[in-house]
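**Student:** Taking the numbering used here, I'd label the letters of the sequence shown as residues 1 to 85.
Everything labelled a hint here was simulated from the structure, so no lab data went into it.
Keep in mind it's a predicted model, so treat the numbers as computed, not measured.
Glycine included, C-beta positions come from ideal geometry on N, C-alpha and C.
Take the hints with a grain of salt, since some may be wrong.
Unchecked claim - Across the chosen pairs, the derived CB separations fall in these ranges: (1) W65 / S32: 39 to 47 Å; (2) I36 / V68: 30 to 38 Å; (3) T51 / A11: 16 to 24 Å; (4) T7 / L50: 16 to 24 Å; (5) Q29 / T7: 26 to 34 Å.
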Amino acid sequence: MPEDILTTVMAFIYTIGHWLGEKIVELIQSISGIAIPVTIVDAIGLLVILTIFLAIAEVAKKAIWVIVAVGWVLIVLRIAILIIG
């Protein structure tokens with residue numbers, strides 16, 4: 001059963017990557033007029049997926065640091081209120 005789920009997820013990622021690769025190759029070909037080999041479509045699509053994933057991870061990393069910083073400020077503020085009074 002887990003192998004079926006993994007196979008399904010990987011097939012889904014591959015399908016999206018292939019579709020994105022086709023769209024990017026079509027865009028490049030329409031702009032530049034050069035013929036791009038079909039063998040590069042999958043590589044382009046999977047790199048697009050990886051780039052999107054890394055961008056999302058970077059945004060999430062920054063958001064987590066903001067949350068941690070706000071948490072520390074609130075802790076320090078609470079300690080200061082306890083000290084004052």
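**Student:** Work down the list of hints and note, for each, if the structure agrees.
**Tutor:** Verification of the hints:
no.	hint	result
1	W65 / S32: 39 to 47 Å	40 Å, holds
2	I36 / V68: 30 to 38 Å	44 Å, violated
3	T51 / A11: 16 to 24 Å	21 Å, holds
4	T7 / L50: 16 to 24 Å	20 Å, holds
5	Q29 / T7: 26 to 34 Å	32 Å, holds
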